[in-house]
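S.K.: Generate coordinates for the entire structure from the input sequences, incorporating the hints supplied.
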Amino acid sequence: MIIAVTLVDNATYLEDVNTHIDHNLLSACNRGEESSQHKLYQICYGTLYTVCQRYAPDEDQIVTLLNTAFLKIVKGLHTFNPNGKVPFVAWIRRIAINTAIDAHRRSKKYRSTIIYPDPDQHTFDERQVDYNQAAQQFDVQQLLAMIRKLPPMTAKVFNLFAIDGYAHKEIGEMLSISVGTSKWHLSEARKKLQILLCKSIENETVTVMSKKQRQENHIKSNSYGPA
Numbered sequence: 001m002i003i004a005v006t007l008v009d010n011a012t013y014l015e016d017v018n019t020h021i022d023h024n025l026l027s028a029c030n031r032g033e034e035s036s037q038h039k040l041y042q043i044c045y046g047t048l049y050t051v052c053q054r055y056a057p058d059e060d061q062i063v064t065l066l067n068t069a070f071l072k073i074v075k076g077l078h079t080f081n082p083n084g085k086v087p088f089v090a091w092i093r094r095i096a097i098n099t100a101i102d103a104h105r106r107s108k109k110y111r112s113t114i115i116y117p118d119p120d121q122h123t124f125d126e127r128q129v130d131y132n133q134a135a136q137q138f139d140v141q142q143l144l145a146m147i148r149k150l151p152p153m154t155a156k157v158f159n160l161f162a163i164d165g166y167a168h169k170e171i172g173e174m175l176s177i178s179v180g181t182s183k184w185h186l187s188e189a190r191k192k193l194q195i196l197l198c199k200s201i202e203n204e205t206v207t208v209m210s211k212k213q214r215q216e217n218h219i220k221s222n223s224y225g226p227a
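For the record, in the sequence shown the residue sitting at position 13 is 13 according to this note's numbering, with numbers rising by one throughout.
These aren't lab readings, by the way, just hints derived from the structure by calculation.
Among the hints, a few may not be true.
What the hints assert, rightly or not - Straight-line Cα separation of at most 30 Å, DSSO-like style, residue types lysine-lysine; simulated pairs:
hint: 1; residue 1: LYS169; residue 2: LYS191
hint: 2; residue 1: LYS149; residue 2: LYS192
hint: 3; residue 1: LYS72; residue 2: LYS39
hint: 4; residue 1: LYS149; residue 2: LYS191
M.R.: What follows is the structure, given as structure tokens:
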């Protein structure tokens with residue numbers, strides 16, 4: 001049985017960024033106008049948060065990543081081309097992702113989270129999974145909690161491939177691992193998430209059945225037999 005996983009950025013945030021960004025605002029931010037930079041922060045916050053929360057284990061680190069990414073965005077605004085092919089929202093997402101990966105590389109635990117599997121000893125799950133079905137049963141926070149239960153490197157690879165759309169070659173370059181290692185981590189992530197999702201579904205089923213049984217017992221206990 002294939003269990004699908006979904007975790008996408010809030011479309012409202014993306015729409016807000018695309019709607020409210022204009023040349024005048026970016027120019028004002030480049031000139032160092034604090035009011036404009038504050039407005040830009042408010043516009044970008046939702047999109048940056050949805051990215052950072054997938055790469056950080058707690059709220060403090062999410063905020064740290066977000067603020068670091070925003071500083072890089074402000075400092076690099078002069079390099080963004082409003083008339084180019086890359087939309088502003090895609091540009092800031094890329095900066096947020098790179099910021100998260102850079103933070104991971106600087107972590108003392110970085111080397112201990114790298115696993116180099118032997119390709120001859122492992123098979124990779126190359127099945128294409130529809131990552132839009134599980135939303136019918138799980139909300140974003142539930143799915144985030146499941147992803148955070150994965151080993152750090154496995155979670156990073158899953159986020160980059162399944163959610164952010166990077167190819168294994170790109171992931172390998174970003175995380176300094178081989179393509180085979182990236183594929184192995186993705187396969188492991190899918191296997192572990194499938195187990196977590198199955199357990200969660202079973203627990204919800206048991207909860208629903210128990211609630212239904214209590215309701216039936218309550219109805220029986222309050223009903224009267226024939227006179």
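S.K.: Give a verdict on every hint.
M.R.: Each hint tested on the structure:
A threshold of 30 Å between alpha carbons decides the hint, and for LYS169 with LYS191 the separation of about 21 Å falls inside it, so the pair holds. Proximity of LYS149 to LYS192 is assessed by CA-CA distance (about 9 Å); at most 30 Å being required, the pair is judged to hold. Only pairs whose Cα atoms come within 30 Å are accepted, and LYS72 paired with LYS39 is accepted, the gap being roughly 16 Å. Distance hint between LYS149 and LYS191 is fulfilled; the C-alpha atoms sit about 13 Å from each other, no more than 30 Å.
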